[in-house]
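There are 2 protein chains.
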Amino acid sequence: MIPLTPIGVLRTPFATIADCPRNGRQVVPAPLCSAEVFAEFRDGLESLEGFSHLILLYWLEPRGPAALRFTPPFDGLPRGVFASRAPWRPNPIGLSVVRFEGMDDGVLRVRYLDCLDGTGLLDIKPYLPSTDAEPEAAMGWLAPYRTG
Amino acid sequence: MIPLTPIGVLRTPFATIADCPRNGRQVVPAPLCSAEVFAEFRDGLESLEGFSHLILLYWLEPRGPAALRFTPPFDGLPRGVFASRAPWRPNPIGLSVVRFEGMDDGVLRVRYLDCLDGTGLLDIKPYLPSTDAEPEAAMGWLAPYRTG
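Sequence order for the protein chains is A and Z. All residue numbers for the first sequence refer to my numbering, where the first residue is 1 and numbers rise by one. All residue numbers for the second sequence refer to my numbering, where the first residue is 1001 and numbers rise by one.
FYI, nobody ran anything at the bench for these hints, they're computed from the structure. Any given hint could be a false lead.
[Claimed, not checked] Non-contacting residues of chain Z with respect to chain A, defined by C-beta distances greater than 10 angstroms in every case (computed):
hint, residue
1, THR1005
2, ILE1007
3, ALA1015
4, THR1016
5, ILE1017
6, GLY1024
7, PRO1029
8, GLU1049
9, ARG1063
10, GLU1101
11, PRO1129
12, ALA1138
[Unchecked claim] Stretch by stretch, here's where chain Z covers chain A in the computed footprint (C-beta under 8 angstroms, at least three residues):
hint, segment
13, 7–17
14, 21–27
15, 49–61
16, 68–78
17, 83–97
18, 112–123
[What the hints assert, rightly or not] Just some of the chain Z residues that point at chain A, by a computed CB distance under 8 angstroms:
hint, residue
19, CYS1020
20, VAL1027
21, VAL1028
22, THR1071
23, ASN1091
24, TYR1127
25, THR1131
26, GLU1136
We treat Cβ as the ideally placed atom computed from N, Cα and C, and that holds for glycine.
Work the whole structure out from these sequences, hints included.
Printed below as a string of structure tokens:
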């Protein structure tokens, strides 16, 4: 067992699961969200200015046990959870690539989050197009449902 | 404190930290690596065929305490750990976008890993260009050191 500690909290306009969009780019224009980094971790933000996009990792509060297979209502066939971005994973770590619009006093202004208000933040990484961008990637069973 | 459980193990040609490349695309051609998913989690792999790229999350065995600020030897200025992909993070979760070349019996063939052989695998996510690809993203202080 590996212990994690939240480094901050995410603020979004989504108060309930029903409010959350399927992904953070579905709402146009994408609402402004924020990532509030706790005071004791703010030294880690040095030199973050200059990156236009970040990868945020956060804790998807498990609502029920992990399901390895499930049937998405929009699709109707059983799919593996590792072939989806669904939250009921063995390790429920969420990931979003967000647009970064600056920060003040440890509060980062970001867009493209789709998670609940109050979600625990685990990590911030700079987005590097040299290793993270695959614009031509094939989307498998999700291709017919592509948005954005 | 949040508990995590490894779902598998990563196999790479890199036996020591000194062997690891700075990123998984630095060695050309990128060596074939694998992600071995433990038997009890393999049901979660259903429908993974068809995705050309995956996001792997893994546990960067902490070698020493987290450092919020550090001075990269190739740069010489103090940088925040959240503005880097360095392993000494408060929650040492590593992330790689990998090319996916198929699987047999729960063993995925992938390229572009840069981590140690034996690294614990935490999660597999399908890479979705609609939300994950930002080929024009600005790389901040890392721009002069771009490889790939």
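So, going through the hints one by one against the coordinates:
{"no.": "1", "hint": "THR1005", "result": "violated (6 angstroms)"}
{"no.": "2", "hint": "ILE1007", "result": "violated (5 angstroms)"}
{"no.": "3", "hint": "ALA1015", "result": "holds (22 angstroms)"}
{"no.": "4", "hint": "THR1016", "result": "holds (22 angstroms)"}
{"no.": "5", "hint": "ILE1017", "result": "holds (19 angstroms)"}
{"no.": "6", "hint": "GLY1024", "result": "violated (7 angstroms)"}
{"no.": "7", "hint": "PRO1029", "result": "holds (16 angstroms)"}
{"no.": "8", "hint": "GLU1049", "result": "violated (7 angstroms)"}
{"no.": "9", "hint": "ARG1063", "result": "holds (15 angstroms)"}
{"no.": "10", "hint": "GLU1101", "result": "holds (12 angstroms)"}
{"no.": "11", "hint": "PRO1129", "result": "violated (5 angstroms)"}
{"no.": "12", "hint": "ALA1138", "result": "violated (4 angstroms)"}
{"no.": "13", "hint": "7–17", "result": "violated (count 1)"}
{"no.": "14", "hint": "21–27", "result": "holds (count 3)"}
{"no.": "15", "hint": "49–61", "result": "holds (count 8)"}
{"no.": "16", "hint": "68–78", "result": "holds (count 4)"}
{"no.": "17", "hint": "83–97", "result": "holds (count 10)"}
{"no.": "18", "hint": "112–123", "result": "holds (count 4)"}
{"no.": "19", "hint": "CYS1020", "result": "violated (14 angstroms)"}
{"no.": "20", "hint": "VAL1027", "result": "violated (13 angstroms)"}
{"no.": "21", "hint": "VAL1028", "result": "violated (13 angstroms)"}
{"no.": "22", "hint": "THR1071", "result": "violated (11 angstroms)"}
{"no.": "23", "hint": "ASN1091", "result": "holds (5 angstroms)"}
{"no.": "24", "hint": "TYR1127", "result": "holds (5 angstroms)"}
{"no.": "25", "hint": "THR1131", "result": "holds (5 angstroms)"}
{"no.": "26", "hint": "GLU1136", "result": "holds (7 angstroms)"}
Checked against the numbered hints listed earlier, the structure breaks hints 1, 2, 6, 8, 11, 12, 13, 19, 20, 21 and 22; every other hint is satisfied.
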